[in-house]
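I would like the entire structure built from these sequences, with the hints used as guidance.
For the protein sequence lines, the chains are R and U, in the order given. Quick note, the first sequence lines up with residues 1 to 785 if you use this note's numbering. Quick note, the second sequence lines up with residues 786 to 1018 if you use this note's numbering.
Careful, some of the hints might be misleading.
[Stated by the list, open to error] Across the chosen pairs, the derived CB separations fall in these ranges:
id	chain 1	residue 1	chain 2	residue 2	range
1	U	Ile850	R	Ile18	20 to 30 Å
2	R	Asp396	U	Glu814	51 to 61 Å
3	R	Val748	U	Thr854	51 to 61 Å
4	U	His982	R	Arg429	33 to 43 Å
5	U	Ile850	R	Arg429	28 to 38 Å
6	U	His803	R	Val280	56 to 66 Å
7	U	Thr854	R	Arg770	23 to 33 Å
8	R	Arg323	U	Ser846	49 to 59 Å
[As the list claims (entries may be wrong)] Computed, partial: chain U to chain R, Cβ under 7 Å:
id	residue
9	Asn836
10	Asn843
11	Phe876
12	Asn880
13	Leu888
14	Ile897
15	Val960
[As the list claims (entries may be wrong)] When the alpha-carbon atoms are kept at most 27 Å apart in a straight line, the in silico BS3-like pairs for lysine-lysine are as follows:
id	chain 1	residue 1	chain 2	residue 2
16	R	Lys72	R	Lys149
17	U	Lys1000	U	Lys968
18	U	Lys943	R	Lys699
19	R	Lys625	R	Lys556
20	U	Lys1000	U	Lys787
21	R	Lys699	U	Lys903
Hints in this document: simulated from the structure, not taken from any laboratory. All C-beta atoms in this analysis are idealised placements derived from N, C-alpha and C, irrespective of residue type, glycine included.
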Amino acid sequence: MLKRKLWRTAKAYKVQFISMILLIALGISVFVGFNAEWVTIGEDTSAFFRDCGFADYRIIDEDGISSADVDKIRDIEGVTGVSRFLSVNADVKDSDDQLALTITESAHTSGFVLMEGEEYDRWDADGFWLMDKYAQLNGIKPGDKLTVKFEDMEFTGTVRGLIESAEYLICVRDESQVMPDFNTYGYVYAAPAMLKKVLEQQIREEEPDLDDDVMSIAVKETCDKIFCQLNVNSSMEKQEIQAAVDKALGRSLLILTKDENVSYVESRGEMNEGKTMGAVLPVLFLAIAILTMITTMNRITISEKTQIGTLKALGFRDGKIIRHYTSYAVIISLAGSILGMVLGYFLCKMVMSQDGMMGTYFVMPDWTIHIPLWIWGIVLLIILLTIFIGYLSVRDLLRGTAAETLRPYTPRHIHRMLIEGTPLWRRMRFGTKWNLRDIFRHKSRSAMSFIGTFGCMLMLVASFGMNQTMTNFLDTFYDGTAVYSSKVFLSSDADNTDAVRLAGKLEGDYSASVSAKVGDKTVSVDVYNISHGMYRFIDEDSNIIALPEEGALVCKRLARDFNVKAGDVVIIELYGTDESYEILISGINGSLTESISMTEEYAESLGLTDSETYKINSVYTMTTKDQISTDSKITSVQSKQDILDSFDSFMKIFYFFVIVLIVASVLLCLIVLYNLGIMSYMERYREMATLKVLGFRNKAIGRLLISQNLWISVAGTLFGIPSGIWALTYLMNMLAGEYEMETTVGPVSIIPATALNLGVAIIVGWMISRKNRKINMVEALKGTE
Amino acid sequence: MKIVEFKDVTRTYVTGDHTQNALADVDLEIEGGKFVVILGPSGAGKSTFLNLLGGLDNPTSGTIIVDGTDISTLSSDELADYRAAKVGFVFQSYNLIPTLTVLENISLVEEIAPDHMKAEELLAEVGLADHSHQFPHELSGGEQQRVSICRALAKNPKILLCDEPTGALDSETGVVVLKLLLKMARDYGKTIIIVTHNQNIAKMADVVIHIRSGKVTSVDEQPHPLSAEEVDW
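What follows is the structure, given as structure tokens:
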């Protein structure tokens, strides 16, 4: 019989029951969705890195790495795999597309996962293994012919298989491209045999009569020059491997760790961002959901007090009554958790799937969603906590005798507030006093309403602010600093004279980037010749500044890392040389990359331009990409619009998160306020009936109800604004510290956030206030107190 | 002068398949300024009569005219205005707002009643001036009912409607409250209609109306009602 009562009581409190289920579901879905996302990124990318033998270290020597060097490094204890690795952006014949032509001598290091077609064969001189996503979008199938050109070399072969490689988990042309464009850029693996074949053909064209043995030696020597990168698998620390390599080769080479590889660092970055997001916002959701649960469960049990007393008087044992009332919590928590897990899974799936948001960023074969044990554990804890809350609510009521429990619940008596007795209080209308006293009489309900609107406002400000910060960031860097239309990348054989000639022809500015070491850190030293104003610089507050004539600008992150300010001196050591230079820091700038920027004149005064590693590699021009004629000294041209377009894709993912947060925040606020509003309505039902009997109109009573809701919401909103800005600043520092993003929260963010937050409060207030039309005065005022 | 007229008033409640006439074809007139007691057993229809007269409920059929106004056709807002201006209610369970002080409970009607009386003066008259800043829970039952009477009178209504006003009080306190109610009503020239099943209260009335099974069985005028002291409680 109690089972029937269970369902009927649930029906009687359907608003509270449904809202509690939805709250738990919302809290758990956001928590599971956000946390499963970063765990999935971590698990799936790690598996992919492992399957492809993703290199732990990349040893760079611009003069080339010989096969003898490879043997020496292979022999180092602790090195488990080595492979000379070549990756160059090659043009696809009869197309504007480019492919990263990749040759790895060992398929076990920096290899790939075969998706379709034939296995990799390092002796296959005519085979290509092409990125599957590029192949699909361009209608290329295994068996099709493909020709790619790099400088004066032409590689022609048959597509043997379609693949995915962890080296190109994030397949971008260069660091200035934020998002991949699989239509026009991909990667293709060729076997070392194909490289040898192409080299042989090239040598044969120049010297047709070379015999096979000499040819073999010539090819080997060319290969030793062409392969400038050796990829290494090893669990050694960087210092250890650096020392071991320097010792083995007898020269100091630049060694890049995984953390300097865009695929690795960006995927770890995504994971860490997710982790930070997962640790802040969803926890807030869960906390609000659980606190509202406590309040609601407590109120429902209190309103069941007489019934509990009746059951007790009838002879039901306390244990049975407790089980009966706790079963409400069991139903709510189980239904909410199951719904939340399912929603959370799909929320994660919307991001982490081949066709999902992250599918436009990562290319990897396995997109299995991972919900780790600790997430299940937390969900289980929430279920247990909910049941415990239910248990506590009813246990307190059962403490006394049946007669005591049978007595109707009398709410806590009101006490005078500090404000009473002041002239202000005397001037207040009765409704204001009534609402104020009610707020303090039902502190937990009021506090929960406040926390609900405060939390919602915090999340709304953070979400809208995130959007504004990102827009401001893009405006600052791409409208502020990058004036050019096109960035021209110069080929490796273009010397500085070629560069100056091209810059002159294109009426552009040029820059040289030199890799250098400051302490243990690798930085880019960028030397600019700006005579056409194609590139500008910004200071710490995003104001446009000129490059100083004397000294260099250091970016904010490096200034912080090196603890330097204007007037200090930094010593840079150029990789691949023994040269070091003392650089005077003249100012600090905002920059997308970790760099030190200076004028060509200052570099000349230092003698840096005389270094053999100094090489102009980019030209910035207003000439549009399609108007730049082909030139053997140009590797590729990137238009600013391409970069902005790739940002658009990035922004789509970003907007998705922002929208999920906004929708979830508004839903949370709506459910919390409606639930508590209904509770407030029920608790003040009798008082409202009295007002109605006295002659107050429905609208007047409705206004009283709305105004209480609104006051609390205004307070929540006011406190939510600074807290939201604080939360956003914290998140931005955690998530995008590497981008030097300035948290920007202005009226563009605060106005819509406030409108949404107060809008929800007004709508909920209106929905509840309409209910007072149905107050049955006769029924409400029956009986005794 | 007639202040209340019930013409063929019926109030039917329908619960599922069950239909019950709480009041059936009631025709009744009440003169202004009188002290009227409505007597009847539980379920006779006394409270329904009071609720219809007070504009808390609408008749199923028939016409109710109060002070010249047909209240049976009024809209919800018009009924609210009617309650605010014409009738004052005193309930068995006082129905004071627990979060307002004594004075605030009374003066809140100032916001709706156009011709309201001074809350402080009324409180002084019922001897509760010293309690004006206390909350209802800090008062005894009798004191709370006196506040309730003040609140009903504060609107300066033509009619006071009292539903078992002494029902929750011990007899001694009940007498005090009744005396006060009568005194205040007479001093201010109000019509009092009390619904009760207490025969003793009826002895004090100018008119006693008996209701049974939803019908008015008799209307007795008492030319010489007893005072509260004369009634054997």
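Taking the hints in turn, this is what the structure says about them:
no., hint, verdict
1, U:Ile850 to R:Ile18: 20 to 30 Å, "violated, 47 Å"
2, R:Asp396 to U:Glu814: 51 to 61 Å, "holds, 56 Å"
3, R:Val748 to U:Thr854: 51 to 61 Å, "holds, 57 Å"
4, U:His982 to R:Arg429: 33 to 43 Å, "holds, 40 Å"
5, U:Ile850 to R:Arg429: 28 to 38 Å, "holds, 34 Å"
6, U:His803 to R:Val280: 56 to 66 Å, "holds, 59 Å"
7, U:Thr854 to R:Arg770: 23 to 33 Å, "holds, 28 Å"
8, R:Arg323 to U:Ser846: 49 to 59 Å, "holds, 51 Å"
9, Asn836, "holds, 5 Å"
10, Asn843, "violated, 11 Å"
11, Phe876, "holds, 6 Å"
12, Asn880, "holds, 5 Å"
13, Leu888, "violated, 10 Å"
14, Ile897, "holds, 5 Å"
15, Val960, "violated, 20 Å"
16, R:Lys72 to R:Lys149, "violated, 32 Å"
17, U:Lys1000 to U:Lys968, "violated, 31 Å"
18, U:Lys943 to R:Lys699, "holds, 25 Å"
19, R:Lys625 to R:Lys556, "violated, 32 Å"
20, U:Lys1000 to U:Lys787, "holds, 20 Å"
21, R:Lys699 to U:Lys903, "holds, 26 Å"
This entry does not satisfy hints 1, 10, 13, 15, 16, 17, 19, going by the numbered hints stated previously.
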